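Please arrange chain B on chain A, whose structure you already have, making use of the hints.
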Amino acid sequence: MNHQNPLHQFLSRADHLAIALDVQRALTTWDNEQAGKFSSPVNEVFSNPENIIIARAIIQHIKPIKNRLLLEFGAALHQRLAHLLANSPYQDSWHLRREYMTKKWTQPYAGSALFPKLKQAESPYLYILIQRNPNKINFGISRSEDRRQRPVIWDSSLTKELETYLIGQGFTRHTWWLGIKQLYDMNEDELWLAAASNLHSLVVKSADKVWHLLVENYELLTKMNEALAQTYLKQTV
Amino acid sequence: MSEININQVANFIKMYRAAFLPKRFEQLKQGYQEVQRLSRLEAPEFNIFRVLQVDRREVKTHSAFLAELLNQHGSHGQQFLFLKAFLSHCQNRFTVPIAVNNCKQHPQPFPYPQLKDPMETHEWEVKTEMRTAKHGQMDIIIRSPDLKFLCVIENKTDAPEGEGQLQSYWNWMQGQRSKYDSQALIFLTPNGRESTACVPYFKFSYHHDIRALLETTLPRIEAVPIRTVVQQYLQLVLTL
Chain A
1 MNHQNPLHQF
11 LSRADHLAIA
21 LDVQRALTTW
31 DNEQAGKFSS
41 PVNEVFSNPE
51 NIIIARAIIQ
61 HIKPIKNRLL
71 LEFGAALHQR
81 LAHLLANSPY
91 QDSWHLRREY
101 MTKKWTQPYA
111 GSALFPKLKQ
121 AESPYLYILI
131 QRNPNKINFG
141 ISRSEDRRQR
151 PVIWDSSLTK
161 ELETYLIGQG
171 FTRHTWWLGI
181 KQLYDMNEDE
191 LWLAAASNLH
201 SLVVKSADKV
211 WHLLVENYEL
221 LTKMNEALAQ
231 TYLKQTV
Chain B
1 MSEININQVA
11 NFIKMYRAAF
21 LPKRFEQLKQ
31 GYQEVQRLSR
41 LEAPEFNIFR
51 VLQVDRREVK
61 THSAFLAELL
71 NQHGSHGQQF
81 LFLKAFLSHC
91 QNRFTVPIAV
101 NNCKQHPQPF
111 PYPQLKDPME
121 THEWEVKTEM
131 RTAKHGQMDI
141 IIRSPDLKFL
151 CVIENKTDAP
161 EGEGQLQSYW
171 NWMQGQRSKY
181 DSQALIFLTP
191 NGRESTACVP
201 YFKFSYHHDI
211 RALLETTLPR
221 IEAVPIRTVV
231 QQYLQLVLTL
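Just so you know, the sequences run in chain order A and B.
The opening position of the first sequence corresponds to residue 1 in our numbering, with each subsequent residue numbered one higher.
The opening position of the second sequence corresponds to residue 1 in our numbering, with each subsequent residue numbered one higher.
Hints listed in this document are in silico derivations from the structure and should not be mistaken for laboratory results.
Just so it is clear, the structure is predicted and the values come from calculations on it, not from any experiment.
Quick reminder that beta carbons are idealized off the backbone N, C-alpha and C, glycines included.
A few of these clues could be false.
Calculated pairs, DMTMM-like style, for lysine to aspartate or glutamate (alpha carbon to alpha carbon, straight line, at most 25 angstroms) [stated by the list, open to error]: (1) B:K23 to A:D31; (2) B:K29 to A:D92; (3) B:K14 to A:D146; (4) B:K29 to A:E161; (5) A:K136 to A:E188; (6) B:K29 to A:E163; (7) B:K127 to A:E188; (8) A:K234 to A:E188; (9) B:K23 to A:E163; (10) A:K205 to A:D185; (11) B:K29 to A:E145; (12) B:K14 to A:E145; (13) A:K209 to A:D92; (14) A:K63 to B:E26; (15) B:K14 to A:E163; (16) A:K209 to A:E163; (17) A:K63 to B:D146; (18) B:K23 to A:D146; (19) B:K29 to A:D146; (20) B:K23 to A:E145; (21) A:K66 to B:D146; (22) B:K29 to A:D189; (23) A:K66 to B:E215; (24) B:K14 to A:E44; (25) B:K14 to A:D92; (26) A:K66 to B:E45; (27) A:K117 to A:D146.
Cβ-Cβ distance ranges computed for the label pairs, FRET-style [to be verified]: (28) B:G192 to A:K209: 40 to 46 angstroms; (29) A:K63 to B:A133: 53 to 59 angstroms; (30) A:K63 to B:I48: 27 to 33 angstroms; (31) B:N92 to A:P64: 52 to 58 angstroms; (32) B:E34 to A:I52: 16 to 22 angstroms; (33) B:E34 to A:L118: 54 to 60 angstroms; (34) A:M186 to B:E26: 24 to 30 angstroms; (35) B:E34 to A:H200: 26 to 32 angstroms.
Chain B on its own, in the form it takes in the complex:
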């Protein structure tokens, strides 16, 4: 039996591929047209945040969007859905004291508000970019005066942490102790990195915590346009 060399094999494959081109093309065409059809129906690539090129904007996109969701009076119309899920997530996630670098702090679990009545009966306020005279501008503030609860979120998607930033916010929070004795300082970053600050804070991440918050609430969002935008925001969060 004569030996077959590699060139003969390559030529045979080429001839085979050419001979069956009509059949193979027909298969590819059908698959391609089906993917085109699904793309028209679902447009999985479309993301409004990317289209508008606001996907990396820390304050104008991420802080603003998250604060809007957390605000029970937000235009999303879902009332306390996101705020409840957020507080509940924090309560479950931070049951054990957090590690605070090597500082000699006495970290506490997340100060979940002690509710005697339903959450809806209490006054809540969510603010973004709140300026203070001496302590800089805080990204997101959640507070409830009657529950004496205060939560400050420092949001860092791309920018490095400002020197003494968390310390400064913590100092401001101490000045609020008489009005808000349940306090939490959250450092929110894509991967939940540690802060260089020597203050008690909670590490929060887009990839884990914000993702979990959005995934938990998505099935319960009743307004279709809100669900669509939250879905697109979730896609974005995973790419941070």
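Next up, chain A with everything else stripped away, as it sits in the complex:
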């Protein structure tokens, strides 16, 4: 089903998509429970068998619409970050890459990452990452490797300082992440309706959150990445 399909276009409109998403939720619950147990509005819709047929046809479009919106969102977000980086003082010391996609990854859009330009290519580093998993799009500051692999390198006083700051900002810890926070829950409607109604505004808002993380922590991140490189060098000599 491509996006030139007129039905796909019709249902991609934010107001139509909002109804389609509500219908999908109601129909899924209807299928799983016995009819009659429901609130009167849901019963009113699905007591007519014709409506069930149409509702099923409508919700067939939701997955391809979400996939397309996600691809458009990912591409526009990456472009916006590239623009912010190109017009910033960090353009010589950081670069932007699309998040790595494994061969097993069949979903559209994996994410984007802002990496420091390293003097030692092999040394560990911290970077800003936006990463999509099956249910969420998260962002935060990530380690280039699992903390448990080399805790001596990762557990410095500088790391603790940044970690404390991130926790104060609502981020949570993870073995790979110094701090991770949800950007969007893909099971909620917010992302889809915002992408369908005003993609540009959604992208600006999302990019600002990610960009803010680099701007706010730029000096600390630079110090930490230098310290990580030093510790790594000492350990490998």
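Frame of chain A, contents of chain B only:
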């Protein structure tokens, strides 16, 4: 007055959306069924070139289709409609000398045939994939022996330009000077990109020139099946 938090607002919206589900679904259903009805009537997505997966074939689809249209004896039955429109478009488009990279050439305007009599009274020939012994295979050739007019079209939709390709065709055309002294070499690409060749040629694009040619002729096509196929071809051209 107590403050309302964001969760209360979100819950209110959910309840509102649920309460009005029957009315909202009815609106969506009507709109959806109307789009379905229009799709059945007009099938705007259907494109025979895409269905048959021949939409990117440079020679077998694009050269063949364009040559068939330009051929006054073509099965389209519209006689000189497309050839006239093509020559007229070239004449209007290339009134000023073209830029020929940085080569020191002396480019000329398009050599529109000097017709004393109506076009129909002259002999015209349109060929595709014409092989020559030393100069390779030319995509489309339009010529009129009695008007001494020769036009060679090199068509590139996806493939990169062959090394020395345009130069080779130009050399072949020079050998035809005694028979055809009005000559034009056209380099046709999706966006009208420049050739690397250092010969006088005209940059032609699918997005602008072929589109204009098809849009100009569409209202004058009398056969409904031809109009439908040309419309579908026009859709395809815009996606190249």
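Here is what the structure says about each hint:
1. B:K23 to A:D31: holds (21 angstroms)
2. B:K29 to A:D92: Distance of about 54 angstroms is beyond 25 angstroms: violated.
3. B:K14 to A:D146: violated (40 angstroms)
4. B:K29 to A:E161: Answer violated: K29 of chain B to E161 of chain A is near 56 angstroms, above 25 angstroms.
5. A:K136 to A:E188: holds (10 angstroms)
6. B:K29 to A:E163: With a Cα-Cα distance of about 51 angstroms, the restraint between K29 of chain B and E163 of chain A is violated, given a limit of 25 angstroms.
7. B:K127 to A:E188: violated (60 angstroms)
8. A:K234 to A:E188: violated (47 angstroms)
9. B:K23 to A:E163: Roughly 50 angstroms separates the two Cα atoms, so the pair is violated.
10. A:K205 to A:D185: Satisfied, since the Cα-Cα distance of roughly 15 angstroms is no more than 25 angstroms.
11. B:K29 to A:E145: Violated, at roughly 51 angstroms.
12. B:K14 to A:E145: violated (42 angstroms)
13. A:K209 to A:D92: Satisfied, since the Cα-Cα distance of roughly 21 angstroms is no more than 25 angstroms.
14. A:K63 to B:E26: Status holds; Cα separation ~22 angstroms.
15. B:K14 to A:E163: violated (36 angstroms)
16. A:K209 to A:E163: Holds. K209 of chain A to E163 of chain A sits at ~17 angstroms (cutoff 25 angstroms).
17. A:K63 to B:D146: violated (62 angstroms)
18. B:K23 to A:D146: At roughly 52 angstroms apart (the allowed maximum being 25 angstroms), D146 of chain A and K23 of chain B break the hint.
19. B:K29 to A:D146: Distance ~51 angstroms between K29 of chain B and D146 of chain A Cα, so the pair is violated.
20. B:K23 to A:E145: Given pair K23 of chain B, E145 of chain A is violated - Cα atoms ~53 angstroms apart, limit 25 angstroms.
21. A:K66 to B:D146: At roughly 61 angstroms apart (the allowed maximum being 25 angstroms), D146 of chain B and K66 of chain A break the hint.
22. B:K29 to A:D189: holds (20 angstroms)
23. A:K66 to B:E215: Answer violated: K66 of chain A to E215 of chain B is near 35 angstroms, above 25 angstroms.
24. B:K14 to A:E44: Between K14 of chain B and E44 of chain A the Cα gap is close to 17 angstroms, so the pair holds against 25 angstroms.
25. B:K14 to A:D92: Violated. K14 of chain B to D92 of chain A sits at ~47 angstroms, over the 25 angstroms cutoff.
26. A:K66 to B:E45: holds (20 angstroms)
27. A:K117 to A:D146: holds (20 angstroms)
28. B:G192 to A:K209: 40 to 46 angstroms: About 42 angstroms separates the Cβ atoms of G192 of chain B and K209 of chain A, which means 40 to 46 angstroms holds.
29. A:K63 to B:A133: 53 to 59 angstroms: holds (57 angstroms)
30. A:K63 to B:I48: 27 to 33 angstroms: This hint holds: roughly 28 angstroms between Cβ atoms.
31. B:N92 to A:P64: 52 to 58 angstroms: The hint (52 to 58 angstroms, Cβ to Cβ) is violated, given that N92 of chain B and P64 of chain A are roughly 44 angstroms apart.
32. B:E34 to A:I52: 16 to 22 angstroms: holds (20 angstroms)
33. B:E34 to A:L118: 54 to 60 angstroms: Since E34 of chain B and L118 of chain A have Cβ atoms about 58 angstroms apart, the given range 54 to 60 angstroms holds.
34. A:M186 to B:E26: 24 to 30 angstroms: Hint holds: Cβ distance 28 angstroms, inside 24 to 30 angstroms.
35. B:E34 to A:H200: 26 to 32 angstroms: 29 angstroms Cβ-Cβ, so the 26 to 32 angstroms window holds.
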